[in-house]
Amino acid sequence: MQQRFDILVVGGGPAGIAAAVRAAECGAKVGIVDDNPNLGGQIWRGASESIGEAASWRGKLQATNVTILCGTRVFHQPRAGVLFAEHEDGLQVLGYENLILATGARERFLPFPGWTLPNVMGAGGLQAMVKSGLPIDGKRVIIAGTGPLLLAVAAYLRQKDAEIAVICEQASIRNLARFSIALLRHPQKIRQALRLRKDIRGVPFATSSWPISADGRNALESVTISRNGKHETIACEYLACGFHLVPNIELPQLLGCQIHGGYVQVDELQETSVKGIYCAGEPTGIGGVESSLVQGEIAGFSAASRPEEARKLFGARERGRDMCSLLDRTFRLRGELRNVLSSETLVCRCEDVSYSRLQKHSSWRAAKLQTRCGMGPCQGRICGPATEFLFDWSPDSTRPPIFPARVDNLAAMTEPELQQTTISGGS
Amino acid sequence: MPDEITIVVDDSPVRVPSGASVAVAVAIAGRACRTSVTGEPRGPLCGMGICFECRVTINNIPHRRACQVFSEPGMVVRTGD
Amino acid sequence: MSKSAYDVIVIGCGIVGAACALEFARREMRVAVIDREIVGGGATAAGMGHIVVMDDSDAQFDLTRYSQQLWQELRPELPDDVEYEPCGTIWVAADDDEMAEVHRKHHYYGDRRVPTEVLDPQDLKKLEPNLREGLAGGLLVPEDAVLYPPCAAQFLIERAQKHGAHLRTGANVVQIEDDCVRLADGTTIPAEIVVNATGTGAPELAVGVDIKKRKGHLLITDRYPGFLRHQLVELGYLKSAHSVSSDSVAFNVQPRRTGQILIGSSRQYGAESSEVESGMLMRMLQRAQEYMPALGSLSSIRAWTGFRAATPDKLPLIGPMAGEKTKFLASGHEGLGITTSLGTARILADHITGSQPAIPIDPYLPSRLAKVFAHA
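Which chain is which? The protein sequence lines are A, B and C, in order. Under the numbering used here, the residue at position 297 of the first sequence is numbered 297, and the numbers go up by one with no gaps. Throughout, the numbering used here is defined as the position within the second sequence, counted from one, plus 427. Throughout, the numbering used here is defined as the position within the third sequence, counted from one, plus 508.
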């Protein structure tokens with residue numbers, strides 16, 4: 001199926017929704033595409049409330065005539081102005097004048113013995129499963145890793161009547177205290193923080209603490225954590241463990257956008273180094289919902305050629321600007337996290353490549369070729385950030401398909417058809 | 428009483444909340460989703476469709492990410508592939 | 509690296525360089541192998557890893573068959589990660605013309621004691637159910653195999669190192685001189701003999717060497733055990749490989765031990781960048797689906813490109829550079845580098861040490877191309 005838009009938004013989380021809304025309100029023909037079955041991205045996943053920020057923005061979106069394409073994942077740009085995306089029903093050929101990339105972020109996973117056991121999931125991962133219907137009431141959960149997501153997940157799971165044995169944050173109490181003080185500059189964050197504190201009152205919270213191992217026969221049965229220099233083993237049914245977030249920059253990279261320090265470079269109008277391609281939200285710097293929303297709005301206005309509307313939001317964006325580096329500093333990964341792995345600990349889960357096999361190699365490329373680490377369907381999204389932390393390896397260049405896609409979708413057009421297609425507005 | 432539907436996981440019927448993902452159905456059935464290349468049982472990790480650990484066969488189509496598919500009445504799911 | 513000269517320096521640690529290093533080291537020569545990046549990182553990393561007899565010419569047959577037999581001898585010693593699979597090749601015939609070619613090959617190979625079997629459409633369907641209806645038949649070559657090249661190259665160089673060879677990666681040779689090689693950092697490493705096994709890089713080190721880059725695309729799928737049992741190649745592949753000027757695609761699929769399907773093949777002249785080109789990729793995949801429609805529903809995980817080192821007459825360059833006594837080439841293997849690596853190394857080492865090679869080296873001598881070579 002072929003569709004053409006003035007502005008195509010890739011990613012249906014807060015940034016994407018805000019961008020689509022503003023662009024549509026300016027009169028552009030807008031499409032928004034997301035892999036998940038529903039819009040909302042991660043942070044607004046399954047948000048069914050009728051009040052609150054998520055609901056407000058959904059309402060705004062409903063009021064526009066934005067074309068919503070869920071269950072649709074972009075995997076290739078066969079030529080400028082055209083994206084190929086895969087849906088269960090077949091190939092979607094999406095033409096655009098301007099593109100807004102709001103591809104969000106994913107959790108960083110670090111390996112430790114037993115992390116591949118069923119019921120060891122990401123923090124956001126377990127939350128997503130519960131939002132998708134996983135019964136958690138009365139189940140014992142340990143939450144571990146690093147980052148503000150841990151508390152948000154704890155609060156949510158608590159609401160769903162999970163029994164949270166402990167939250168293990170690897171950051172030091174000193175870093176967290178500094179973070180709390182820095183948050184004073186962000187009133188919205190303070191309100192969030194206070195709400196969270198109420199929601200997780202009574203839940204044990206350990207700093208400078210991290211998982212040493214997960215154990216169980218066919219599924220998780222217990223977790224051993226390091227706390228106060230000592231190891232403690234705690235029986236539990238779920239371990240929700242994630243180490244902050246990494247930006248999803250695969251599509252920006254494929255499209256040739258300049259990347260700096262792991263994030264997509266954008267100018268004040270949220271335009272990338274490629275004319276007509278904008279980027280908003282986490283891929284430009286992990287900054288949270290408020291930052292994503294205002295960047296999305298700016299990108300939407302900019303792409304719709306309304307820079308004066310965009311400029312009105314520069315102040316609001318400024319207030320969120322230091323959040324990314326603040327989060328990075330606070331939740332910096334400590335070196336001890338490299339020492340928990342044993343030689344048999346798997347690093348690449350798609351190809352079952354162990355730590356010891358990887359240690360023989362001095363570059364990502366050599367390791368990949370010799371062990372097939374990173375060559376599985378996750379395309380290095382899980383093991384890449386881990387090997388970057390463990391070995392300081394930099395990832396490869398990005399090639400299509402940037403998401404596994406059916407062979408017939410990847411091959412869907414002949415070269416003449418591709419050249420002749422009139423769905424793209426550009427040259 | 429929330430709506431529930433029935434799908435088949437590894438030849439056994441499983442009742443799941445309406446709207447639940449297939450990954451949830453597999454978890455409720457007490458199964459792991461897939462078997463890794465060295466024979467380990469695996470289940471969902473990321474919950475958002477990128478880790479591919481939740482792959483199952485749905486209605487004879489292999490390598491479907493269970494966390495991204497809604498359970499539908501009559502679905503036949505096979506794990507361990 | 510020691511100060512006194514090596515007997516041999518091999519430049520390039522792809523599968524050909526690694527095989528050469530092993531051959532020299534086994535003969536107790538002092539060997540160093542130098543690669544500008546990593547072991548097996550060039551065409552070795554990109555290719556399909558097939559071990560296949562070919563008969564474009566008697567010389568091509570001799571080298572591929574000899575080398576295939578060397579692989580068979582080596583097989584029991586290959587570690588698991590080399591993933592040697594004796595799956596055989598089926599040359600697929602789409603029409604009567606191609607079926608005539610099947611019979612010609614059958615006789616050609618039969619005369620040379622290579623076992624093959626002519627397949628009719630029913631046989632073909634039984635052996636490979638996912639091939640489309642309406643094909644004319646094929647030729648099964650059961651002794652062909654596939655393996656995973658980067659680990660094969662690693663195995664060969666490690667074995668060479670066990671015999672005393674030295675390996676240096678991340679060092680770029682910029683010049684081959686009369687008694688040494690010169691690196692980019694200005695240092696020199698002395699050697700009695702130098703072997704240029706740098707694949708498409710060979711012309712940079714030896715002006716006048718007629719090797720051109722021939723770009724190819726490949727795609728690998730997720731795991732589908734049992735989908736494909738043999739390597740399949742369309743007989744039209746030969747038309748593709750023969751073409752000297754135009755871009756072409758041909759149906760060529762290969763089962764990996766992992767159950768993944770490797771889909772090729774394509775050939776382009778004059779393409780310099782390693783980018784995946786949508787048009788070529790789509791043409792290649794469409795061709796593949798013409799023969800095997802069921803490929804369409806498979807999940808593809810990665811696509812990539814590589815550069816084959818191609819010579820004007822489709823035979824590699826093995827032997828002394830024209831007019832030279834101590835500078836050798838082992839390059840230009842086009843799509844047969846994996847297959848002929850062992851044979852190349854063996855006959856080159858035989859030639860250098862004065863032994864009688866099992867097959868004559870003459871057809872592969874660089875001097876045959878009657879150009880004046882100048883060393884860089």
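Keep in mind the hints are simulated off the structure, nothing from the lab. Be a bit skeptical, because a hint or two may be false.
Claimed, not checked - Just a few of them, taken from the derived set where beta-carbon distance is under 10 Å, the chain C residues facing chain A:
1. Tyr656
2. Gln662
3. Thr729
4. Pro733
5. Leu789
Glycine included, each C-beta is placed from N, C-alpha and C at the ideal position.
| task | Against chain A, run the beta carbon of C/Tyr656 and see if the smallest gap drops under 10 Å. | result | With a closest approach of 8 Å, the C/Tyr656 hint holds.
| Are C/Pro733 and chain A close enough, Cβ to Cβ, to be under 10 Å, as the hint says? | With Cβ-Cβ at 15 Å, over 10 Å, it is violated.
| task | Tell me if C/Thr729 is really an interface residue toward chain A, meaning its C-beta lies closer than 10 Å to one of theirs. | result | holds (7 Å)
| field | Per-residue hint verdict: C/Gln662, partner chain A, C-beta under 10 Å | value | This interface hint holds because 6 Å falls under the 10 Å limit.
| said: Would the hint on C/Leu789 be counted as holding, given a Cβ-Cβ threshold of 10 Å to chain A? | reply: holds (7 Å)
Comparing the model with each earlier hint shows a violation of hint 4 alone; every other hint is respected.
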